[in-house]
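For the protein sequence lines, the chains are A and B, in the order given. Following my numbering, the numbering of the first sequence begins with 507 at its first residue and continues without gaps. Following my numbering, the numbering of the second sequence begins with 507 at its first residue and continues without gaps.
Rather than coming from a laboratory, the hints here were simulated on the basis of the structure. There's no promise every hint is true.
Pair by pair, the computed Cβ-Cβ distance ranges are [as the list claims (entries may be wrong)]:
#1 ASP588(A) / GLY677(B): 58 to 64 Å
#2 ASN528(B) / VAL863(A): 51 to 57 Å
#3 LYS600(A) / GLU520(B): 31 to 37 Å
#4 VAL863(A) / GLY916(B): 54 to 60 Å
Just so you know, even glycine gets a beta-carbon here, dropped at the ideal spot from N, CA and C.
2 protein chains.
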Amino acid sequence: MRILIEKADCLIYEDNDFNFKNSDVCIDGDLIVSVGKIPESFSAEGVIDGRGKLLIPGLINAHTHAYMTIFRNSADDLMFNDWLFGRILPMEDKLEDGDSYWGTMLGICEMIRTGTTCYLDMYIKGDENARAVCESGIRAVLSRGLVGKGNDKDGAMRLREAVDEISRWNGKGNGRLSFMLAPHAPYTCDPDYIKIVMQSAKELGIGINTHLSEGRVEIKEIYEKYGCSPIKLIEKTGMFSLKTVAAHCVHLSDEDIEILAENKVSVATNPVSNLKLANGVAPVPKLLKAGVNVCLGTDGAASNNTLNLFRELSMLTLIHKGVNEDSQAVSAKEGIKIATVNGAAALGLDGIGQIKVGMKADLALIDLNAVNMVPNNNPVAALAYSANGSEVQTVIVNGEILMENRELKGIDEERIRYEVAGIAKRIGA
Amino acid sequence: MRILIEKADCLIYEDNDFNFKNSDVCIDGDLIVSVGKIPESFSAEGVIDGRGKLLIPGLINAHTHAYMTIFRNSADDLMFNDWLFGRILPMEDKLEDGDSYWGTMLGICEMIRTGTTCYLDMYIKGDENARAVCESGIRAVLSRGLVGKGNDKDGAMRLREAVDEISRWNGKGNGRLSFMLAPHAPYTCDPDYIKIVMQSAKELGIGINTHLSEGRVEIKEIYEKYGCSPIKLIEKTGMFSLKTVAAHCVHLSDEDIEILAENKVSVATNPVSNLKLANGVAPVPKLLKAGVNVCLGTDGAASNNTLNLFRELSMLTLIHKGVNEDSQAVSAKEGIKIATVNGAAALGLDGIGQIKVGMKADLALIDLNAVNMVPNNNPVAALAYSANGSEVQTVIVNGEILMENRELKGIDEERIRYEVAGIAKRIGA
């Protein structure tokens, strides 16, 4: 479809800086074909009025577990072990076929509603998440969580299932769907298993999604077992020679940061989840200074408890100022770059994350009439510090309108709410 | 007016605990007259359907400067001195008569929209704020910010103006409007001036609103000048013998905390502002443990940049978990108590803050259909961790409906947006 977005204030990334420019934007098929002058040959089939609105590249959620929205607000104010072993895993054990699909659909609805157009997911059941992505219209990089030791049978089976799923789904949804492999964490995968997973990733030519250095217990366990930090351990496996997104990275030594920078590992920071599970505050300013590609994730709704990247962006741009007592730590512009450009780089999707000719049309239109956005003194600051996600009016992914004036298109939200409520009741969430 | 709210899940505070109970609530005039069985004699003039919704006591913003919404997103990512002296004060100097009214009205719109029904304000121009409170229908405790040294002329004039304003406006708006006096801070008021202000407060029988121990520069200055902490200095003036709300209290010694507890000083914590201005993180868990009445404020939009108490509540219940590495620090229930019951106690308004017969009808109705509130596993956790304020559908203050289904009643929001945009442009915000 050919869409014209008229006269919106467009967030343009140029020379490592963000500025708003009032502009017409033309979309043809899945691509942005002009920003500025409308090409003479362009005849729009649909027109969206952008006057008095901000047009931004859709936000990129670089770490989540979308199916876990089923567990939202069911495991709170608990110590980590009670949370994971007492609540989350027992509920996961009760999930039946089809449940992940509904949980993922709910997560996708929330992400679209709050301006997220692409996400990197780690999950436990195959196919259901891929189906949700294809049907909903969102863009995603999916990765089946893998747990294993050496060449144990269960680990090998999970990897085989993941590889099979990739062969069935990769590139589906008009190219919106791609994959990584996801060795879960150094405390659930041993180095031999990680090497086996790496081999598959190499053969498939895809990247790695993992959890690293999330909590103090993990650091202690890995030190006791291997005599080094989780980052150092994973470096030794050679995994960082593959394109890697490492979620969390809360507890890092200076040497760890150097290793991440040298190996061009992307770090997906999850400030809300890290606070809520009492893991702490990641050294994001230090990571940025070292040149690490930091991207932004919400983690799952069981530890957040939303998938709203606007909330995450405001947390990201606030917390490091306070904790480091530096009001210039992670500025609004840095935060927005982390939630867009850096996310695209982390996910290996060089066609998204900016409003630019030739890029995929993954866009969010933001209402400036919401009282919390008034007066419009500085829209960059407004995105980071004033917006809460409810100002997102219209969302386009791959050139398709997924939400218009807060109305989701082609997604039966009422059915999703009904199904998820039923699942939550059944599993005792 | 007699209003019946039918079958909402009502947040009830009992035995120092919160639970939801599905209930009918009857309002007659400004009061809640029943929670549960509808009195036989009650005939409703208006009925609100509460099915599938949460009814909560309106939130209480215990520290803000509502007029400063004019400066929203106009002074960000700056060091404190550049922020205050380089941006805020020069803009304040350009404010003209009437500007504070429009800024305050904008702030009030935002507060109503996000479920706040009462706030404690500190401002620089009299009458305009009072007029905004009366016209809008919100409840407020107002306090003119006072700056002075000894019995200097300017300080005396400000105090006289404040006292005059109180005589004109106290109790107006059907009792929604009350007052405190506000010696601004120990670094802008010397002990002699504070004593003069105290004397007036005693005569008027009202409380004190002030800033205390917000940043390290203040602490250093006070130590250098008086050889003690700001808390200790203010204790010596005798001010704590009056009912006092002390905003911020970020940097406190154990002795400071003891002084606050012994003197029953209420501490209004402003986590977002404290992070944004790089002042740090207040020791809220320690204050709570010491028995201090902690309440919650947004501070002004120049340092937040919203007046949304739901964002503040989520920050309050997240940050102390992460910073103290204790996932049980400031639980969802504690956070809600801080934003309601404790706020009422701090402001000396014992008729608000709870859903209870005989209390003022200050209420907010919350949509549970918003995807970020689904599934409804635990509504208490949902309020703290999932809500962003946009789920607030209907707001009642003093028995009057101020917002119904997201539509503000009797407030011309478009005019307010227009006027504030003009002011912001004029002053170079």
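Each hint tested on the structure:
About 50 Å separates the C-beta atoms of ASP588(A) and GLY677(B), a value inconsistent with the hinted range of 58 to 64 Å. A C-beta distance of roughly 55 Å is found between ASN528(B) and VAL863(A), which places it inside the suggested range of 51 to 57 Å. LYS600(A) and GLU520(B) have their C-beta atoms about 33 Å apart, which keeps the hinted 31 to 37 Å range intact. Under the hint 54 to 60 Å, the C-beta atoms of VAL863(A) and GLY916(B), about 48 Å apart, miss the expected range.
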